[in-house]
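Q: As a plain string of letters, each chain reads:
There are 2 protein chains.
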Amino acid sequence: MDIRQYIQENEPRFLDELFSLIRIPSISALPEHKDDMLACAERWRQLLLEAGADEAMIMPSEGNPLVYAEKRVSPEAPTVLVYAHYDVMPAEPLELWNSKPFEPEIRDGRIWARGADDDKGQAMIQVKAFEYMVREGLLRHNVKFIFEGEEEIGSPSLNAFLKAHQELLKADVILVSDTSMLGADLPSLTTGLRGLAYWEIEVTGPNRDLHSGHFGGAVANPINTLCEMLAKIVDEDGRIAIPHFYDDVEDVPAAEREMIARIPFDEEKYKKAIGVKALKGEKGYSTLERNSCRPSFDVCGIWGGYTGEGSKTVLPSKAYAKVSSRLVPHQDHEKISRLFVDYIQSIVPEYVEVKVTPMHGGEGYVCPITLPAYQAAEKGFTKAFGQKPLAVRRGGSIPIISDFERILGIKTVLMGFGLESDAIHSPNENFSLDIFRKGIEAVVEFHKAFGA
Amino acid sequence: MDIRQYIQENEPRFLDELFSLIRIPSISALPEHKDDMLACAERWRQLLLEAGADEAMIMPSEGNPLVYAEKRVSPEAPTVLVYAHYDVMPAEPLELWNSKPFEPEIRDGRIWARGADDDKGQAMIQVKAFEYMVREGLLRHNVKFIFEGEEEIGSPSLNAFLKAHQELLKADVILVSDTSMLGADLPSLTTGLRGLAYWEIEVTGPNRDLHSGHFGGAVANPINTLCEMLAKIVDEDGRIAIPHFYDDVEDVPAAEREMIARIPFDEEKYKKAIGVKALKGEKGYSTLERNSCRPSFDVCGIWGGYTGEGSKTVLPSKAYAKVSSRLVPHQDHEKISRLFVDYIQSIVPEYVEVKVTPMHGGEGYVCPITLPAYQAAEKGFTKAFGQKPLAVRRGGSIPIISDFERILGIKTVLMGFGLESDAIHSPNENFSLDIFRKGIEAVVEFHKAFGA
Chain A
1 MDIRQYIQEN
11 EPRFLDELFS
21 LIRIPSISAL
31 PEHKDDMLAC
41 AERWRQLLLE
51 AGADEAMIMP
61 SEGNPLVYAE
71 KRVSPEAPTV
81 LVYAHYDVMP
91 AEPLELWNSK
101 PFEPEIRDGR
111 IWARGADDDK
121 GQAMIQVKAF
131 EYMVREGLLR
141 HNVKFIFEGE
151 EEIGSPSLNA
161 FLKAHQELLK
171 ADVILVSDTS
181 MLGADLPSLT
191 TGLRGLAYWE
201 IEVTGPNRDL
211 HSGHFGGAVA
221 NPINTLCEML
231 AKIVDEDGRI
241 AIPHFYDDVE
251 DVPAAEREMI
261 ARIPFDEEKY
271 KKAIGVKALK
281 GEKGYSTLER
291 NSCRPSFDVC
301 GIWGGYTGEG
311 SKTVLPSKAY
321 AKVSSRLVPH
331 QDHEKISRLF
341 VDYIQSIVPE
351 YVEVKVTPMH
361 GGEGYVCPIT
371 LPAYQAAEKG
381 FTKAFGQKPL
391 AVRRGGSIPI
401 ISDFERILGI
411 KTVLMGFGLE
421 SDAIHSPNEN
431 FSLDIFRKGI
441 EAVVEFHKAF
451 GA
Chain B
1 MDIRQYIQEN
11 EPRFLDELFS
21 LIRIPSISAL
31 PEHKDDMLAC
41 AERWRQLLLE
51 AGADEAMIMP
61 SEGNPLVYAE
71 KRVSPEAPTV
81 LVYAHYDVMP
91 AEPLELWNSK
101 PFEPEIRDGR
111 IWARGADDDK
121 GQAMIQVKAF
131 EYMVREGLLR
141 HNVKFIFEGE
151 EEIGSPSLNA
161 FLKAHQELLK
171 ADVILVSDTS
181 MLGADLPSLT
191 TGLRGLAYWE
201 IEVTGPNRDL
211 HSGHFGGAVA
221 NPINTLCEML
231 AKIVDEDGRI
241 AIPHFYDDVE
251 DVPAAEREMI
261 ARIPFDEEKY
271 KKAIGVKALK
281 GEKGYSTLER
291 NSCRPSFDVC
301 GIWGGYTGEG
311 SKTVLPSKAY
321 AKVSSRLVPH
331 QDHEKISRLF
341 VDYIQSIVPE
351 YVEVKVTPMH
361 GGEGYVCPIT
371 LPAYQAAEKG
381 FTKAFGQKPL
391 AVRRGGSIPI
401 ISDFERILGI
411 KTVLMGFGLE
421 SDAIHSPNEN
431 FSLDIFRKGI
441 EAVVEFHKAF
451 GA
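So the protein lines, in turn, are chains A and B.
Per my numbering, the first sequence runs over residues 1 to 452.
Per my numbering, the second sequence runs over residues 1 to 452.
Next comes chain A alone, as it looks inside the complex (with noise of 0.2 Å):
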């Protein structure tokens, strides 16, 4: 059968499998969802086996357990590994939701939910494009699959059960779809991730909350403190101010710039997009370097003092900040973590003290656009869309993309199907069915591809 008619026909069950994931609130973050990050990895589990694997399992790891699953076609035949995700990102603010995050709803042709895209949707892109190959028998190389459920907290485990498994995980290349496209009508191939660095900062000042009129201006508030400190790691003209910070920074090649400069992109639409007047960004770099191959930093979140309603004065004990730099390729995380604590504890006045704790982070990553898979994706790609998709680098971080390159020594083709304007991790998450259809296209010519 024609793999359109096929999606056709059995669509509402892809659904109905994929609504049954998201209605799981796997999100790792929360150490009160331990049940249902089990409860996913065991729908995850039958699904593969539905699907058409010989076998699947969960197996242990340090923290959430992962789902391995695969399908041996032949021992001489080549092996793709398809890594996803199967936990998703907590969905506070949960007011700003139009339905609710872990009830998935189908308006105007998208599917609305926290895990529509970010990975549930297109973890299952890749397992109905394999169930395709396997009912059809089309399927000329090894499958395996590796899903993991701590991806949205920097996979923790996974550099240790990745040593403990090489044997098993051995294979060719690595699949993955947890990327995003340019547009709906401008497909593109990721070739280029940032890295991550990430880390909490903790302001003491005075050994309890002070009153702020007995003791306000003699005595420093550790949140103005905290303040004035975030303010001095961005300079004037948008650079990281931490001593080295770019010392490992490849400037971006000029040809790698003016494929960018050619990629069709409307600054104006995409302020409004997002609703700002104004872009700020790193002097010298167009807006789409500075999301991509540009380092960045933001605080994620920062909190001290009263933060309820009405108007308590007081000069608080301690103020909190999470704090994070994406990094581009060549930066070493833990070498720009060890950095940036320098830096904090080099400006820290003697009026707090300041306790910063890395929390994770990961490598950058390329994909060489002349790999024999990464031209199967191109491939498949150009089969589903009707036209060959831009190779671009991404500003996201996938940390373990890197370390599948250094500790299984596999490179790893990104196949993402997300758009911008699916708002993961966001409220309002939500996929698109029609590249939802156009994704289990293009992942079943790249397996074709890359069998023949």
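Hints listed in this document are in silico derivations from the structure and should not be mistaken for laboratory results.
Among these hints, one or two may not hold up.
Since the list gives no way to pick out one identical chain from another, each pair is judged satisfied if it fits inside one copy or across any two copies.
[As the list claims (entries may be wrong)] Taking lysine to any residue and the SDA-like style, the derived pairs with C-alpha atoms no more than 20 Å apart in a straight line are:
| no. | residue 1 | residue 2 |
| --- | --- | --- |
| 1 | Lys283 | Thr382 |
| 2 | Lys269 | Arg208 |
| 3 | Lys232 | Tyr351 |
| 4 | Lys170 | Ser402 |
| 5 | Lys355 | Trp303 |
| 6 | Lys277 | Asn207 |
| 7 | Lys34 | Ala449 |
| 8 | Lys232 | Pro349 |
| 9 | Lys232 | Val348 |
| 10 | Lys271 | Glu353 |
| 11 | Lys277 | Glu202 |
Got chain A; can you put chain B on it based on the hints?
A: The following block gives chain B in isolation, referenced to the frame of chain A:
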């Protein structure tokens, strides 16, 4: 009966009565405590009647009701109006309390509870001194009481109440026990208070939370921006950078600076008590000047982005801060409020939108030491504490003290009995039983001297 003997014989009852008030969590900042406000007001009404008032009543206002009571001795005699407040601050963070905030406990000669000092304990001093004067037939002047329930949220309904009841509240002097002394062995009377202005700042960047990987580096982060703006409010010399902020600030007169310099003050002990290695404040002023005669700026609360467990990466849509400035006499809080709003709007970068909401405010206050009621208070302290109290300016704000003067035309004498170690507004608020007893005696002696 001698006042000391009276206190000794009646203390268990005094404490029972005080504890019955403390057990009512009359937190004005939290709307869910509306019923507690009414219960607390009613409890005071009963206690004022039992203490000897001719009548006591609950009077409605636009917000929480007030308790009014009076004892008329003679139409020709002067009148003392005792002001106090029955509301308390929120008790958060609860985990830092050694005993439950609304279950008073006596340990180490101190009462431990929210409101033990501010202002239930101090108000009880006034009521028990009044009770003694009435029962012993010593009262030679009229006494009125007005207890409000919104002091900790800036007394939003009091001005309208004062204007509506000028005749009822007519008096020669207002007596307030809601300030603190320099030390248990260093009695002092407060002759100056700082004013207050308070704002909430809302910074909006993108119209939704964004993925910090896909947008980070190209789109301004509202938390980073908020921190940068807050860092521009106090300059390197500890001066507030808002244009015209100091226009109406009087330089502290040389004579007063000399008096302040004579106040026994151990900076090392002060630092040790609050657990900081260094102090910070306006260049050119001493610590005691900085926290009493000079303005201050504090971020009382800040929040935005992901503040839960773990490490969510996000470029948030919004960031918030609650900020306040302590003002000195002659600074108009409404003018300062406008200057602040104008300044913030003048430094808002084009890539975010900022809303600044003035929350509440009040003027500073000065009490002349030549006032007869001040001198009666001085005598009261001298008898109770065995030494003449120092006249000092304090850094806290009771905005309504200047409103009393403006609206009712009455000066206030601030007979406060708190200690810095009482931890008002903080976890583990407490009040010394010894001070409680001496306070009652001091107020009794005030009444005797004032009536003479």
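Q: Can you tell me if lysine 355 and tryptophan 303 fall within 20 Å by alpha carbon in one copy, between copies, both or neither?
A: Answer is both; intra-copy 15 Å and inter-copy 19 Å each pass.
Q: For lysine 232 vs valine 348, is the C-alpha pair at or below 20 Å within one copy, between two copies, both, or neither?
A: both (11 Å within a copy, 17 Å between copies)
Q: Pop the pair lysine 232 and proline 349 into one bin, within, between, both or neither, using alpha-carbon distances up to 20 Å.
A: Answer is both; intra-copy 13 Å and inter-copy 17 Å each pass.
Q: From the Cα coordinates, with 20 Å as the cut-off, is the pair lysine 232 and tyrosine 351 best called within, between, both, or neither?
A: both (17 Å within a copy, 19 Å between copies)
Q: Using 20 Å as the alpha carbon limit, work out where lysine 283 and threonine 382 are close: within a copy, between copies, both or neither.
A: Answer is neither: 36 Å inside a copy and 68 Å across each miss the 20 Å cutoff.
Q: At 20 Å max between alpha carbons, let me know whether lysine 170 reaches serine 402 within a copy, between copies, both or neither.
A: within (16 Å within a copy, 78 Å between copies)
Q: At most 20 Å between CA atoms: does that hold for lysine 271 and glutamate 353 within a copy, between copies, both, or neither?
A: between (39 Å within a copy, 14 Å between copies)
Q: Cα distance capped at 20 Å. Does lysine 269 pair with arginine 208 within a copy, between copies, both, or neither?
A: So lysine 269 and arginine 208 pass the 20 Å test across copies only (16 Å; inside, 49 Å).
Q: Should lysine 34 paired with alanine 449 be assigned to within, between, both, or neither, using CA atoms and 20 Å as the limit?
A: For lysine 34 and alanine 449, neither the intra-copy (40 Å) nor the inter-copy (70 Å) Cα distance is at most 20 Å.
Q: Quick one: lysine 277 to asparagine 207, C-alpha cut-off 20 Å, is that within a copy, between copies, both, or neither?
A: between (42 Å within a copy, 11 Å between copies)
Q: My question is about lysine 277 and glutamate 202: at a cut-off of 20 Å on alpha-carbon distance, are they close within one copy, between copies, both, or neither?
A: For lysine 277 and glutamate 202, only the inter-copy Cα distance (17 Å) is at most 20 Å; the intra-copy one is 33 Å.
When held up to the earlier numbered hints, the structure conflicts with 1 and 7 and fits the remainder.
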